[in-house]
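J.: Here is how the chains run, residue by residue.
Number of protein chains: 2
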Amino acid sequence: MGPAGLSAGPLPHRPGRIEPVSHSHPELNEPSPIPDGGLRIIPLGGLGEVGRNMTVFEHAGKILIVDCGVLFPEDSQPGVDLILPDFSYLEGRWDDVVGVVLTHGHEDHIGAVPYLLRHHREIPVIGSELTLAFIEAKLKEHRIKAVTRLVREGQQDSLGPFDLEFVAVNHSIPDALAVMIRTTAGSVLHTGDFKMDQLPLDGRITDLRAFARLGEEGVDLFLVDSTNAEVPGFTAPERDIGKVLSNVFAEAGGQIVVASFASHVHRVQQVLDAAHAHGRKVALVGRSMVRNMGIAKELGHLDVPEGTLIDVKHITDFPPEQTVLMATGSQGEPMAALSRIANKDHRVSVGPGDTVIFASSLIPGNENSVFRVINGLMRLGAKVVHQGNAKVHVSGHASAGELLYCYNIVRPKNVMPVHGEIRHLVANGALAVQTGVPAERVVLAEDGVVVDLLEGKARIAGAVPAGYVYVDGSSVGEITDAELKDRRILGEEGFIAIFAAVDATNGTVLTGPHIQARGMAEDDAVFDAILPDVTDALNEVVARGNADTHQMQQAMRRVVGRWAARKLRRSPMIIPTVVEA
Amino acid sequence: MGPAGLSAGPLPHRPGRIEPVSHSHPELNEPSPIPDGGLRIIPLGGLGEVGRNMTVFEHAGKILIVDCGVLFPEDSQPGVDLILPDFSYLEGRWDDVVGVVLTHGHEDHIGAVPYLLRHHREIPVIGSELTLAFIEAKLKEHRIKAVTRLVREGQQDSLGPFDLEFVAVNHSIPDALAVMIRTTAGSVLHTGDFKMDQLPLDGRITDLRAFARLGEEGVDLFLVDSTNAEVPGFTAPERDIGKVLSNVFAEAGGQIVVASFASHVHRVQQVLDAAHAHGRKVALVGRSMVRNMGIAKELGHLDVPEGTLIDVKHITDFPPEQTVLMATGSQGEPMAALSRIANKDHRVSVGPGDTVIFASSLIPGNENSVFRVINGLMRLGAKVVHQGNAKVHVSGHASAGELLYCYNIVRPKNVMPVHGEIRHLVANGALAVQTGVPAERVVLAEDGVVVDLLEGKARIAGAVPAGYVYVDGSSVGEITDAELKDRRILGEEGFIAIFAAVDATNGTVLTGPHIQARGMAEDDAVFDAILPDVTDALNEVVARGNADTHQMQQAMRRVVGRWAARKLRRSPMIIPTVVEA
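First to last, the sequence lines map onto chains A and B.
If you read the first sequence in UniProt numbering, its first letter stands for residue 1, the second for the next number, and so on.
If you read the second sequence in UniProt numbering, its first letter stands for residue 1, the second for the next number, and so on.
Quick caveat, the hints were computed from the structure, so don't treat them as lab data.
Now the in silico label distances, taken between C-beta atoms and shown as ranges:
hint : chain 1 : residue 1 : chain 2 : residue 2 : range
1    : B       : Glu-74    : A       : Gln-551   : 38 to 44 Å
2    : B       : Gly-545   : A       : Thr-480   : 41 to 47 Å
3    : A       : Asn-368   : B       : Ala-543   : 47 to 53 Å
4    : B       : Arg-239   : A       : Pro-364   : 27 to 33 Å
5    : B       : Val-526   : A       : Glu-298   : 41 to 47 Å
6    : B       : Thr-480   : A       : Ala-581   : 34 to 40 Å
Subject to a maximum C-alpha distance of 25 Å in a straight line, what follows is the list of computed DSS-like cross-link-like pairs (lysine-lysine):
hint : chain 1 : residue 1 : chain 2 : residue 2
7    : A       : Lys-145   : A       : Lys-297
8    : B       : Lys-391   : B       : Lys-281
9    : B       : Lys-457   : B       : Lys-62
10   : B       : Lys-140   : A       : Lys-567
11   : B       : Lys-243   : B       : Lys-281
12   : B       : Lys-243   : B       : Lys-391
13   : B       : Lys-567   : A       : Lys-485
14   : A       : Lys-567   : B       : Lys-138
15   : B       : Lys-281   : B       : Lys-313
16   : B       : Lys-567   : A       : Lys-138
17   : A       : Lys-297   : A       : Lys-313
18   : A       : Lys-413   : A       : Lys-457
19   : A       : Lys-62    : A       : Lys-413
20   : B       : Lys-567   : A       : Lys-140
21   : A       : Lys-62    : A       : Lys-145
22   : B       : Lys-485   : A       : Lys-485
23   : A       : Lys-243   : A       : Lys-391
24   : B       : Lys-485   : A       : Lys-344
25   : A       : Lys-297   : A       : Lys-243
26   : A       : Lys-485   : B       : Lys-344
27   : B       : Lys-62    : B       : Lys-145
28   : A       : Lys-297   : A       : Lys-140
29   : B       : Lys-457   : B       : Lys-413
30   : B       : Lys-297   : B       : Lys-145
31   : B       : Lys-391   : A       : Lys-391
32   : B       : Lys-485   : A       : Lys-567
33   : A       : Lys-297   : A       : Lys-281
34   : B       : Lys-344   : B       : Lys-281
Just a sample of chain B residues kept apart from chain A, beta carbon distances all over 10 Å, derived:
hint : residue
35   : Tyr-89
36   : Ile-315
37   : Gly-436
Computed from a prediction, not measured in an experiment: that's the story for all the values here.
Glycine included, each C-beta is placed from N, C-alpha and C at the ideal position.
Just chain A, with the same shape it has in the complex (with noise of 0.2 Å):
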C-alpha cells in the first residue's frame, strides 16, 4: 500500500504554507534508514481519521509505541466489526519493541493492544492504573496476559533509548496522561487526548506547570490533540452538566433513563449524585458499563453514595419515580439496551411521564441511528433530554481556546497535530501558526507518512504502509476492499447465481441453467423469464465448437446481466457457474 517506484527523500515545505502530506502523495517513496542520531515517528492511526490512534518512535534501533486502539466502522465498510492499524511495519521488529504506552482507557487508544500482543506476547504495557485495569480486563477476554508497568503523572521511566516523564491531563475518563520522551535525538511531548477543565471533579487538572516546565527544557517536538481544534473559545466544564442534571431530575415525575458512555466515570458520578440528591436508586445497565464502573469504584475513581447503587434486577422493587437507569446505547446502537427499549424490545419500559435523558455527545454518522432511537422513545410519549435542548454533555477535547494556552506555554520547536481528520489537523496547525510557530514547522502528516527529528527540525522522510486492518468474525486483515465493494454491491444490488452442469464430452447440457436470486424481487417468477435465453446462449457457445466453462459462464454473465440492466435497470452481482459432469 505504501507508494512506490519515486525517488526517495525528504519533501520540501513551502514556506509561509501549511499544507496536509498524504501518505500516498506522488513524491513520498519508502523511507531510507534513519539519520545517525536521528528519531523517527510514524503515525500508525488516528491521523486523518477519529480512532485507532498509535504512534511509533522509532531511535538507537529500538522501538517505542504510543497508544495502539481500533477504529470503528462506517456504513461503507459492512459488517467489519473493528479496524484496527497496520502492524506491518513492525515486521521483523518485534524483539526491539521495548514498549506501549497507552495514555487513557479509551477503544481508540487501547482497543488493538490484544491484536499487537498476538504477535509478540512479551511487549510491556505501560500505562495508569486506571488505564492498566481496563486493558487488562480486555486482555482477560482475549484469554492475553500481559507484561504491564503502573506509572503515575511526576514519575519517570527508561525504556531502551527512551526516557519517559508522564504528565497528568484532564479528558472524559479519569487517570490519563500526557507523555514526554526524550532521547538524544530530541524531545517530544504528546498530549494524548486532553482538554484543560480547571475544575474537574476529581480535582486531577492538566498539570500546565509540567508542561510549562517540559517547554523551558525544550520540546523539540509537539504531538497535540487535534478532536477539537476547529471548535472556537472552551470546552464546559464537566461540573456544568451536575446542575443540568439536577434540574432534569428535579421535574422528571417518572423513571429516569441516562445514556452515556460506558467508561465516562465523572458522568456516571454525576448522575449517582443527582440520584442521591432526589432520592432515586440507581441501576446500571450494559455489560461494559457493569464492568467499567466496577473497576471505577474498585480504584476510588466512583465514589458511590451509600445505598444508592441497586442491581438491575432490583430495580422493579421501586416505584418508577425512585429510579435512574443508566445505560449505554447513547449512539442508536440497535443492540444496546436503550434501543430496544425504544422498540419495546426489553424488560424495561419506558411511557407517558418517563424522561430518558442523552448524556453524550451525536458523534457523526451516527444521526439517523439516535434520531430513530429519539423518535422512538417520544412515540412512547416519554421526554427526551439531549444535548440539542439542554447541557446534558461536553466535550472531553481541548477546544481552540485551550489548544493556544498550550502551543503558548510549551512553545515547540515543531508541532504535529494528531487524533484527528484532516479538517481538525489543518485547524490545529493554523492554532500552531497563530502563536508563532513557522509554518514550515508544522508538520500535517496522516497515517504512515515518516518525520524525521535530527537536530531540532522535523522533516517529511518517506511513507510507509497504513491501510485499514479489518477485523471481520474471527478474521484479522483477510477481509481487504475488494470484499467489502462485493458487501456494498450484494448489499444495494443483490444477486443472480445461474448453475448449470453440460456433459464433459460435447458440452450439452446436463442441467440447468438453474437461478438463484437473492434482493431484487419478492417473486422467484421473475427470473425464470431469462432461462431460455441463458439456454440459448449456453447452445450457441457449444454450436460454435470448443467451448470450454469459463465462456459459457462469460455468456450467461453477458445474457443475464443485459436483461438486468434492461428489464429492471439493476447492476445485480452476477455469478455463473458451469461444471462438467
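Chain A is fixed; fit chain B onto it per the hints.
T.: Only chain B this time, still in chain A's reference frame:
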C-alpha cells in the same frame, strides 16, 4: 399494513396531554365511513419522517390532495432510489380526485407526482408559476403531459366541494404557497413549508395579513410545518448570507467553488451578486442546477447581472481568480461534481489557494459523506468554508419563535403538526399548546392516521395503509422490506451458495457440491474445506431413504451454516440448491 382485528372507533384523548398517535396504534382500525358533513384528513406521508409529504382531504365524496413528494432512502434501505407514499387508499377512487395542489417545487413535495399520474393522468395539478414549471420539467422526463392549473397568491379557486384560497409564504424556493381549504365541514389552513423572513430577497413575505384575516374568519384545523419546531428563536434572513459571501469572495485569491441545493434560487442569486461585485464569472455545474436556474431566470425569479453567467465549458478561458463554480453535491453525493473534484476525478481541479464554500445545510445522516468531501478538498490544500465556521446557510423553515407568531395570529381551533419526525411534531404541538390551543385539540398523528373534522373538532378516526413504497430500478412497489433485509444481510455478511445435482432415481450425487461465496474471504479455497462435510451430509440424507431435494438442501444449509459460525464467526446468507437430473 393497516392495523386490523380491533374494534373501530375514535381514540380517546387524555385531557391536558398531547400524545403522538402512531399508525400502528393497537386501538386504531380501518375507519368507518366519513360522518355526514365531515371532512376527513389523511396524511399519507411526511408525518413521522422528513420527506414524501402528502395529505389527502376527503369531503362529500370527493378527494383533494395537497403535495405528493418523495423521501430519500437511508443507509438501512440499500439500493433504493426513492420512497413514495402508499397510494393504495386512493385505489378505486381515482375518478373522485379533483386535484393535487403543490405548495412549492421541492422534491419532497412534488417528486411523487409522476407516479401518482401514472394511476390517473387526468388529475389536475395546481400550483404557482415556478412550481408548475418545475413539475412540468420533471413530468417531461417521465414523458407525461399533465393537466395543470396556474394559481397565484391571493387567488381563489374551486375544486369540487373544496374552495381554495392561496396565500404567499416564504421558503427556500421562490413562489411557495400556503392553502386555505374551505368546506361545509370547516376550514383547514395548510402552511406547506414556510418561514417568515421579514426581508426576503424578492420582497415576497409570508402573508401574515392573510393569515390574520383567515384566523378572524375561523381556521378549524391548522396544518403547520414542524421542521424547525425544536429550534429556538427565529430563522435568520437569507439576506445575511450575502454579506458573508461577499467577505469570503473578497479574501479569496484563487478559484471559488460554491455548493448548494439545485433549486435554491435566492442562494444562487446571492452568489451571482457576490461574483459580480468581485469581478468574477459564474458557471453552473450539475444538470439539475442548470435546468432549474434556466427556468428561474426565464420566469423572472433569478436576476443575472449582465455578463456574469458563463457556460462551464468556457471557465478555463478565465484565470481562476476571476471565476466561480456554482455546483450541486453539497450533501457529499458521491457522483456529484463536488465529490468528484475532491477525488481529483473532474475536469475542474482545486488546489492550494482555492476556496470551496458549502452554502448549504448538513442534512442529518449525510455527515460522513460531507466530511469525506471536506477532508478531500482540504487534503488538496483548499480552504473550506461551511456552516460550521461561517454563516453561509440559513434554514428554509420557521423556527419556534416564528411558529408562536403564527399560532397567535391564526388562533386555530385544532392543530395538526405536519412535516417532520415525531420529535419535530411533538415540539410543534407543544408550541401550539403554549399559545393556548387546548392539548386535546392538538392532533399528533403519524402517516396513515385518519383524522375527521366535524363540528369544529378534529378526532382520530382510524388508520389506513401508509407504508413505504420503494422505487428500485424500474420497479415501483415491488421491493419489500423482506428484500431490503436480504440486501442488508448480503451487504453485511455476504453469501454462500452451494449447488448439487443428484440422480432422480437414487439420490446419488451426480455433480457437486459446488460452492460460490462472496463478501467473506479473498481466497475461494477457504470454502473448499467444507466440501467433504457437505458431501457426507448429502450422503447421510440419501442413506436414510426417501430423501427429497428439500431435505438435502436443509442438510447442506445446516452444515455450511454451522461451519461459517464456528470457523468464520459469521452468519452469511446460505443458499443451497439441489436439483434432480
